[in-house]
Amino acid sequence: MTSAGIASTRSMNPIGWLGLPMLACVLATVLLATPIRIFNVSLPQPIFPLAIAFAWALIRPSILPPFALLLMGVFLDVFWGGPQGVWPLCLLTSYAAVLMVRRLIIGQDFIVVWAWYAAATLLALAVAYGVMTLMTGAPPDLIAVGWMYALPTLLLFPFARRLAERYEDADVRFR
Amino acid sequence: MSLRDGPFGDIRVPLTWSAGAALVIAVIIASAILLSHPRDQVKAGAYDAARHAVDAVAGPVGGVLAAPVRWTHGGLDSVRGYFFAVSENRRLKAELVKAQATRDALAASEVENERLRAVLGIRTDPPLPHVAAETIADSRGPFANTRLADAGQDKGVTEGNPVLSEHGLVGRVVGVSAHVSRILLLTDAESRTPVILVRTNGRAILSGDGGGSPKLDFVRSSLALKEGDRVLTSGDGGVFPRGLPVGTVVRGFDGGWRVALDSDAAPIDYVQILLFTDFAQIANEQALAPKELPTAMTEEPSPSIVGPTGGAIPPKPGAVRPAVAKPAVVKPPASPRVAAKADAKKPEAKKPDAAKTDAVKKPKPATASAPKKPSTSAAPDIPL
Numbered sequence: 292m293t294s295a296g297i298a299s300t301r302s303m304n305p306i307g308w309l310g311l312p313m314l315a316c317v318l319a320t321v322l323l324a325t326p327i328r329i330f331n332v333s334l335p336q337p338i339f340p341l342a343i344a345f346a347w348a349l350i351r352p353s354i355l356p357p358f359a360l361l362l363m364g365v366f367l368d369v370f371w372g373g374p375q376g377v378w379p380l381c382l383l384t385s386y387a388a389v390l391m392v393r394r395l396i397i398g399q400d401f402i403v404v405w406a407w408y409a410a411a412t413l414l415a416l417a418v419a420y421g422v423m424t425l426m427t428g429a430p431p432d433l434i435a436v437g438w439m440y441a442l443p444t445l446l447l448f449p450f451a452r453r454l455a456e457r458y459e460d461a462d463v464r465f466r
Numbered sequence: 239m240s241l242r243d244g245p246f247g248d249i250r251v252p253l254t255w256s257a258g259a260a261l262v263i264a265v266i267i268a269s270a271i272l273l274s275h276p277r278d279q280v281k282a283g284a285y286d287a288a289r290h291a292v293d294a295v296a297g298p299v300g301g302v303l304a305a306p307v308r309w310t311h312g313g314l315d316s317v318r319g320y321f322f323a324v325s326e327n328r329r330l331k332a333e334l335v336k337a338q339a340t341r342d343a344l345a346a347s348e349v350e351n352e353r354l355r356a357v358l359g360i361r362t363d364p365p366l367p368h369v370a371a372e373t374i375a376d377s378r379g380p381f382a383n384t385r386l387a388d389a390g391q392d393k394g395v396t397e398g399n400p401v402l403s404e405h406g407l408v409g410r411v412v413g414v415s416a417h418v419s420r421i422l423l424l425t426d427a428e429s430r431t432p433v434i435l436v437r438t439n440g441r442a443i444l445s446g447d448g449g450g451s452p453k454l455d456f457v458r459s460s461l462a463l464k465e466g467d468r469v470l471t472s473g474d475g476g477v478f479p480r481g482l483p484v485g486t487v488v489r490g491f492d493g494g495w496r497v498a499l500d501s502d503a504a505p506i507d508y509v510q511i512l513l514f515t516d517f518a519q520i521a522n523e524q525a526l527a528p529k530e531l532p533t534a535m536t537e538e539p540s541p542s543i544v545g546p547t548g549g550a551i552p553p554k555p556g557a558v559r560p561a562v563a564k565p566a567v568v569k570p571p572a573s574p575r576v577a578a579k580a581d582a583k584k585p586e587a588k589k590p591d592a593a594k595t596d597a598v599k600k601p602k603p604a605t606a607s608a609p610k611k612p613s614t615s616a617a618p619d620i621p622l
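Sequences listed follow chains A and B, in order. Everything in the first sequence is counted per the numbering used here, starting at 292 for the first residue and increasing by one. Everything in the second sequence is counted per the numbering used here, starting at 239 for the first residue and increasing by one.
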């Protein structure tokens with residue numbers, strides 16, 4: 292790639308690829324915590340940070356995302372009021388899994404990448420489910436996990452994809 | 239600024255390895271956080287400072303975000319009320335007819351309850367103080383089912399206080415900040431609530447699992463359950479007062495017994511927080527701790543029993559045998575509330591405080607109030 296080509300790509304400003312998505316996730320989480328019921332059905336509660344964990348692992352390996360995800364997980368624990376430590380572990384599991392196979396994912400078709408995203412999301416939720424079962428002594432309701440967490444989080448894939456595409460050419464060493 | 243434009247751009251740091259190391263450190267920190275989580279989150283004092291701080295910030299933010307939702311709901315209700323006033327009126331009239339019949343039955347039950355209470359000597363609980371609050375944020379996921387309410391220490395709310403909506407029990411307070419409190423819902427995976435089945439008087443534990451209808455665990459007999467059975471709090475354990483409405487027994491998808499919560503009938507936007515901490519609050523502690531114990535009332539034994547040597551004499555042939563003590567037969571009370579109260583009179587169901595109350599308040603033997611009748615035997619009367 293020429294120097295002109297590199298210059299045309301988006302620069303890796305940490306605020307741009309880490310800070311703003313984090314802020315957006317926090318705002319979206321707080322917004323969806325509003326007690327709304329439509330036709331007597333509560334709104335789903337997607338795990339927004341799982342989408343950016345997937346995108347960050349695809350963009351490039353870095354020191355900052357694991358700690359950013361740790362922070363996001365602690366925020367979810369505290370804000371949602373669950374047992375502490377569940378969400379940091381869940382987010383880091385997804386990030387680690389995608390980081391290990393990122394070379395297989397980059398450059399694939401939309402559907403293939405979505406399948407990888409679904410696998411990472413389900414793996415992360417499986418870890419959280421196991422931890423919750425151990426902590427509470429009883430398995431949480433699987434239907435509720437699927438309906439409230441898994442399905443809406445899978446629908447967030449276009450946002451993850453867009454974030455990854457926006458920055459994936461920023462550091463050509465990891466293409 | 240691009241990474242390669244910086245002063246370290248030319249240094250070929252193995253970024254993948256350093257990212258991996260950062261990941262390992264982050265996982266270790268996350269695991270440490272997980273292991274440091276108190277096993278009993280709902281225990282008083284387990285709510286840490288970070289949660290207090292986040293709740294204190296999230297409360298006002300949630301209040302601002304929830305306000306437009308309430309306005310929208312209010313507006314929609316007004317429009318719906320305008321366009322559906324006739325059908326609503328018809329429905330309300332039908333409900334009124336039913337309610338009048340229920341009112342008459344209730345009045346009769348109240349009279350009967352009063353009479354039974356007087357007969358059984360049951361002391362009713364005094365009304366508990368409560369505060370009203372608005373829910374401003376909630377987490378609905380299966381791993382955490384909590385809500386934030388806009389009443390905190392400023393209104394006297396403490397950890398452990400039960401929370402009700404206009405339909406039934408919602409949960410209990412697990413964290414209190416200055417102006418906000420966090421409610422652990424009955425559906426949360428960490429929620430365990432002792433309940434009683436009204437029809438059978440059987441006990442069970444209501445266990446949340448993140449789904450909409452919590453499970454009934456530790457039911458003494460599954461035959462004792464039927465769909466539609468009413469479920470109330472049992473008061474066991476002292477977390478909740480007895481008799482708060484919880485829901486109705488239903489069959490779950492998994493074939494197990496679950497409870498359709500009463501509070502699920504409508505959005506939980508306004509709640510009532512009972513300022514109840516334990517049963518010692520209901521009991522009058524001064525009455526429980528008298529300065530002097532009542533004097534023991536004993537009767538002089540009859541010489542025919544004690545005998546000249548002070549020992550027991552074998553009964554003579556043909557003498558009337560002393561009466562044998564029978565368990566008192568109590569007619570089942572008419573209302574579930576009274577049934578639950580009557581059950582509290584049983585020694586095994588008593589809390590220590592309640593037992594102490596009875597011991598102190600009713601020192602006189604039952605024979606004292608029984609009408610005296612001439613005894614046909616030499617033995618003293620044994621109350622039936």
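It cannot be assumed that every hint is accurate.
As the list claims (entries may be wrong) - Partner residues are not named here, just some residues of chain B that face chain A (Cβ under 7 Å, in silico):
1. L272
2. H275
3. V307
4. D376
5. F381
6. G466
What the hints assert, rightly or not - A few chain A residues that don't get close to chain B, going by computed Cβ distances all over 12 Å:
7. L311
8. A315
9. L323
10. S333
11. R351
12. P352
13. M391
14. R393
15. I396
16. G398
17. V404
18. L445
19. F448
20. R457
Calculated from the structure, these hints are not laboratory results. Glycine included, C-beta positions come from ideal geometry on N, C-alpha and C.
Taking the hints in turn, this is what the structure says about them:
1. L272: OK, holds: L272 of chain B within 7 Å of chain A, min 3 Å.
2. H275: Holds: closest Cβ of chain A sits about 5 Å from H275 of chain B, inside 7 Å.
3. V307: At 5 Å from the nearest chain A Cβ, V307 of chain B passes the 7 Å test, so the hint holds.
4. D376: Cβ of D376 of chain B sits 5 Å from chain A, so the hint holds.
5. F381: holds (5 Å)
6. G466: With a closest approach of 21 Å, the G466 of chain B hint is violated.
7. L311: holds (16 Å)
8. A315: holds (16 Å)
9. L323: Per Cβ check, L323 of chain A is inside 12 Å of chain B; nearest 9 Å; violated.
10. S333: violated (5 Å)
11. R351: violated (7 Å)
12. P352: Non-interface label fails for P352 of chain A: nearest chain B Cβ at 4 Å, not farther than 12 Å.
13. M391: Per Cβ check, M391 of chain A is inside 12 Å of chain B; nearest 9 Å; violated.
14. R393: violated (10 Å)
15. I396: holds (15 Å)
16. G398: holds (18 Å)
17. V404: About 20 Å separates V404 of chain A from the closest Cβ of chain B, which puts it past 12 Å; holds.
18. L445: L445 of chain A clear of chain B: closest Cβ-Cβ about 15 Å, beyond 12 Å.
19. F448: holds (19 Å)
20. R457: holds (15 Å)
Hints 6, 9, 10, 11, 12, 13 and 14, counting from the list given before, are not met by this structure.
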